[in-house]
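Starting from the known structure of chain A, fit chains B, C and D onto it as the hints suggest.
4 protein chains.
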Amino acid sequence: MPALMALRKRAQGEKPLAGAKVVGCTHITAQTAVLMETLSALGAQCRWAACNIYSTQNEVAAALAEGGFSVFAWKGESEDDFWWCIDRCVNLEGWQPNMILDDGGDLTHWIYKKYPNMFKKIKGIVEESVTGVHRLYQLSKAGKLCVPAMNVNDSVTKQKFDNLYCCRESILDGLKRTTDVMFGGKQVVVCGYGEVGKGCCAALKAMGSIVYVTEIDPICALQACVILMVRFNDVPSTSGNKNVVVREFLDRMKNGCIVCNMGHSNTEIDVASLRTPELTWERVRSQVDHVIWPDGKRIVLLAEGRLLNLSCSTVPTFVLSITATTQALALIELYNAPEGRYKQDVYLLPKKMDEYVASLHLPTFDAHLTELSDEQAKYLGLNKNGPFKPNYYR
Amino acid sequence: MPALMALRKRAQGEKPLAGAKVVGCTHITAQTAVLMETLSALGAQCRWAACNIYSTQNEVAAALAEGGFSVFAWKGESEDDFWWCIDRCVNLEGWQPNMILDDGGDLTHWIYKKYPNMFKKIKGIVEESVTGVHRLYQLSKAGKLCVPAMNVNDSVTKQKFDNLYCCRESILDGLKRTTDVMFGGKQVVVCGYGEVGKGCCAALKAMGSIVYVTEIDPICALQACVILMVRFNDVPSTSGNKNVVVREFLDRMKNGCIVCNMGHSNTEIDVASLRTPELTWERVRSQVDHVIWPDGKRIVLLAEGRLLNLSCSTVPTFVLSITATTQALALIELYNAPEGRYKQDVYLLPKKMDEYVASLHLPTFDAHLTELSDEQAKYLGLNKNGPFKPNYYR
Amino acid sequence: MPALMALRKRAQGEKPLAGAKVVGCTHITAQTAVLMETLSALGAQCRWAACNIYSTQNEVAAALAEGGFSVFAWKGESEDDFWWCIDRCVNLEGWQPNMILDDGGDLTHWIYKKYPNMFKKIKGIVEESVTGVHRLYQLSKAGKLCVPAMNVNDSVTKQKFDNLYCCRESILDGLKRTTDVMFGGKQVVVCGYGEVGKGCCAALKAMGSIVYVTEIDPICALQACVILMVRFNDVPSTSGNKNVVVREFLDRMKNGCIVCNMGHSNTEIDVASLRTPELTWERVRSQVDHVIWPDGKRIVLLAEGRLLNLSCSTVPTFVLSITATTQALALIELYNAPEGRYKQDVYLLPKKMDEYVASLHLPTFDAHLTELSDEQAKYLGLNKNGPFKPNYYR
Amino acid sequence: MPALMALRKRAQGEKPLAGAKVVGCTHITAQTAVLMETLSALGAQCRWAACNIYSTQNEVAAALAEGGFSVFAWKGESEDDFWWCIDRCVNLEGWQPNMILDDGGDLTHWIYKKYPNMFKKIKGIVEESVTGVHRLYQLSKAGKLCVPAMNVNDSVTKQKFDNLYCCRESILDGLKRTTDVMFGGKQVVVCGYGEVGKGCCAALKAMGSIVYVTEIDPICALQACVILMVRFNDVPSTSGNKNVVVREFLDRMKNGCIVCNMGHSNTEIDVASLRTPELTWERVRSQVDHVIWPDGKRIVLLAEGRLLNLSCSTVPTFVLSITATTQALALIELYNAPEGRYKQDVYLLPKKMDEYVASLHLPTFDAHLTELSDEQAKYLGLNKNGPFKPNYYR
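Chains as they are written, first to last, in the numbering used here: chain A, 3 to 396; chain B, 3 to 396; chain C, 3 to 396; chain D, 3 to 396.
Here chain A stands alone, though its shape is the one from the complex:
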């Protein structure tokens, strides 16, 4: 992750996070390790839990622990383990966090529920997922948000890379490793055509699959229409919603259908509804179950309905580097912001910092940015160093 290295280097020994006590709840991967090392190098203390019970890379957790980081996570936690780990990050004599880095909002809400007083010392929350951001806006609307929060999920760079490319790059691999399916000519239904759905559709279509999309939002649906078929109101899942794929749909699916989840957590597919006596489960390989109907029909369920890309594939470091760099910058911004710049509200990352994240990643591609001439900058009314676009631009 050369961008985080560049960030560290530009700090030139200064410690913009000196005194910061960051409690984090994200996927525990090699990339997270680099982020934690970077935060540490910039002066922060860190304690970390996993935001997903399946995605922890045990060797990374072990290496971090050896390196002196307090990490509470392992692959295959139970639900109880999950909350125990989160609790261990914050419930500690003599150490109170002053920054939260969250992915999904579980950590934030644990603190809200168990240790609301902790927010007195907390300077801000950085949240990176659709679901977590949604929960923050709900808190804010209800007047219950008591510290500033930075919505990094909707930073332009992250939107255009993390959500889109994480999925575009990992959907094929995740399906191939688990099922050896041939993509060419395969009929696929993708539920939802946001960035995640767009990434999945792009990859599958590029490999020759016949892709159908379901959508609730007419704007996203119309975007899907010009390249795909928006034709089904009865099938499976990328959407940040609860129970997109319900038992009724699963009952109607054809024999051999593969069902998987590229969204968040395990609420997208109603897996609980499949745990009934008349259905037989057969584990055919790691992360792959056949659910067998009384008439012999088999549905292939991947990762028990949990996130496919994190459970059964990997996500490109490059993409995670964008997110990690955005998170680091958001932490620095919130931690160092002068009194009054941020109130008890949810904020988008300042455009300028968003552009900075992007520019730190261009060298990977040997890309040459064109510079505005003075005359052009003047004509456009822009500063030659950006920001180049209005805040609403995406």
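In case anyone wonders, no lab produced these hints; they're calculated from the structure.
It is possible that some hints are incorrect.
The list that follows gives simulated cross-link-like pairs (lysine-lysine, DSS-like), each with its CA atoms no further than 27 Å apart [to be verified]:
no., chain 1, residue 1, chain 2, residue 2
1, B, K122, B, K17
2, C, K353, D, K162
3, A, K146, A, K162
4, A, K115, B, K162
5, B, K380, A, K146
6, B, K354, A, K391
7, D, K143, C, K391
8, D, K256, D, K115
9, D, K391, C, K353
10, B, K353, A, K353
11, A, K143, B, K391
12, C, K345, C, K122
13, C, K143, D, K380
14, D, K146, D, K380
15, C, K299, C, K162
16, C, K386, B, K162
17, C, K188, C, K256
18, D, K188, A, K162
19, C, K116, D, K188
20, C, K386, D, K143
21, D, K391, D, K354
22, A, K125, A, K146
23, C, K391, D, K345
24, C, K380, D, K116
25, B, K391, A, K162
Just chains B, C and D now, kept in the frame of chain A:
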């Protein structure tokens, strides 16, 4: 344009634009004619000029005139003609516009310059181009905007369709009709990777061209990097900037290079710099000039550097229907908004109306929108009828 | 067409076609003109007719006539005109052709029928179309072929370029110019998935159309399956077959359906069946007819069912250059072949010449061919200068 | 593999391979197991070895052995093991093979070298790889081929699926599992643009990689030119050639470059040249080595230069089903052919059988084949049941 028809039908004889006097300055095409007829059916009076000296479809202008509309435009106007036509729309005894529909801002600025008092009666401006919107924000920043303005260029539906698909659908045709070029294996440089650049790149890449991109904005550059080469700081043009392609670059281009403009007006390519004695111009067919250097090198210049898609191709009606519907809704909104809803500022179209425009266009594709169940809507905290996304979502 | 120039140059003043009297029947286009000039420069005399009543570029025919070539063709010939032109090429006192260059076989069969004795002097036939080649193989099977014939349609280079790329590059343009249709999301049925069908499907799919294919050959069908839907046995047309689209199918089509032909001649679509009293024809613009059913349904018929790319678009010069170069080499080969090399049979172009045609076109792309080392050539058992592949390789 | 099941079913209890003793040397995978079971069900006895020292799926070999099949193979054989296994298949008291099924020609040549007399009883060889076929043609040319051989590598169905889609479907997965590379924007050089190269390029390009191609054959090069850049005469490998990637090129590569082989066996990359004292090898994970130059430069070598798709990915069952069905039909044809139909030569699979293989695979896609009407069949001079294309058609 079935969406405008649907709009008219839903009005059910009511006249939401009764009393509106709309002065417009847009491309004069068959689609504009349907828009004008719709506005008229909804109660408005209209006077219209062209926003581009080459794009007027004369037969449309004639048909509108016959139908009793006041249209001042023809294909191939001189610069003087252009301003004369605009002036004729507003400089009239006994008729003062109370709404402006502009594309590029020329009409708006003519009124600012010549008839500033007219703004006393004007209820709002609807503007649909990057350039025009940019000028409005500058006015607003300078405290000189004296009526509410609706920025429809940045409505999500328009952004995702008009700018992207207009170009994606017309770049190939525009080049083919004028030059019979083979796209496969052709090396192309596209200046700028906003929506227009994305559309051009997508179409050219799909047909096998080798596409290079130049960008000034690191976020757009990074998006280009993952599918294209961002490698040149020396070549040609989609950007809404002044003189992207200057004489120096043209001097360096290879023999046979085709130069064209998919951006706005004729400032993108410094055509004036080519009108020097040492260069010979040779018209090889309508809209196609060879500019010949002393050493025999020929550059193929299309439409004298003006907009290729409007001069040498056509734009799909479907895409224009989205824009026209958006414009009509924006006019209705501004005209009927209760006192105080809009101030002297630039506004984006309300999300809900944006989604409405999209939904009016779904029937074209036989697309079926999925409906949220009550439980899902509650879980997501959404109204089942939308809006479905936050305002900043794109 | 730099390849033909290169060919002329390499002849270095020699006249490999000295004494050749070539009678040709092909599309009369600018590219054909360059071919005729090349044949002439290499020593041949030429007389030419058009192989299609719509495709002649009148200005080219005129320029050729001015340049002293005997060309009998104009755009919009009647059927009678068509045969009269062909007859004028061969029915001449004191001049008998000794080589035939045919596209479709009409010329060849006219001579068979009217002037069979002419074959005594004819050294060979070069034929470039599927249909014409098919007729030659039938003659050969029936033992009636009385001179050697070169099937250049199936030369690898031509197959991979002319048939595929002619269509891929012109289908979009042909449809856009005539109908302004938006490709994104459009549902299209392509009849046949040979090279022509593959080219059409590739272009349409690249632009976002939803493409369905019909096929009779299971091998081609299976190739289509892995990227498209092979689902219809009831709709329209690229196939070299008679009446692929019959009245019954046209009766079943939806209102607004566009029907066109990318195959050969006008037998693909049963246009005659549409010339009945209950159907109304309405010409909406040049080459575009609406055929109106009694219930108001309109079918949009392009070019009266004749070849879309030749009637309503253009074909890239690059692709035609490959065909023309192949034709020129085939003529030279047949004309100069030592007695006995070719018998009264149909031959494919020798691989080595096929590779030569390809290599003459590489400079257009600044492509660098890799050379085999001596060791590699020995290991592969190949001559370093080719041929590189077995004859059956495609 | 429903096609093999269909084949078995259509035999309806007949045993077309009764008395056949098939010795095979192919990859030992689940799909091979189904082929062996099918051959056995059709009456044949089988003995089998692996054609690649890395590709054997041990659990399959074990299951076959348990099922009573004589299989000699395991993952990670040494070179000596490899030949010992092959020898064990044929060197047996009281059992002599009468059919050979080979992949690469190693088995065939072992028999030539060690047990030439065995050919007296052998009725034919079925060979499926480029390399093996090449060796057969060399034997034939040298007059040393002593039994008929069926070149199934060049059957149209196999060409269009096995070579192309095996690679297209597995290249991404193979690279992702080993290196977690991000494909978008990655610069890739593919050596060779035959079917294998086309498959690799298509998949990589679809995922946004910038693809360069090297070629020696101008026809293949020209095909590459219209969608890619053919620009390098100095880099890496899909070609069936010896030492395409030599030490000199490896010395010139950039730090971090990934080198892998999608061709045949381990001769494509000169791995031996990397086993020198000044270079350090570091195994970073299974199948992935870093080769480290004295200046610190690292080249990432996958599968020690052996086949990536078989070593580090999987190949879609569907594609292998086509090959296995073709092999089974070729064995049946050669075994049952009347005396004299096949001589001591190399043959392509009869077109009709090729089409049959394709038609057995169409049901997977719910594809509907169109049927010729009597009139159409007559017009085309075709039998309604095929074959539909000339033998040279590909």
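Name the hints, by number, that the structure is in violation of. 3, 4, 8, 14, 15, 16, 19
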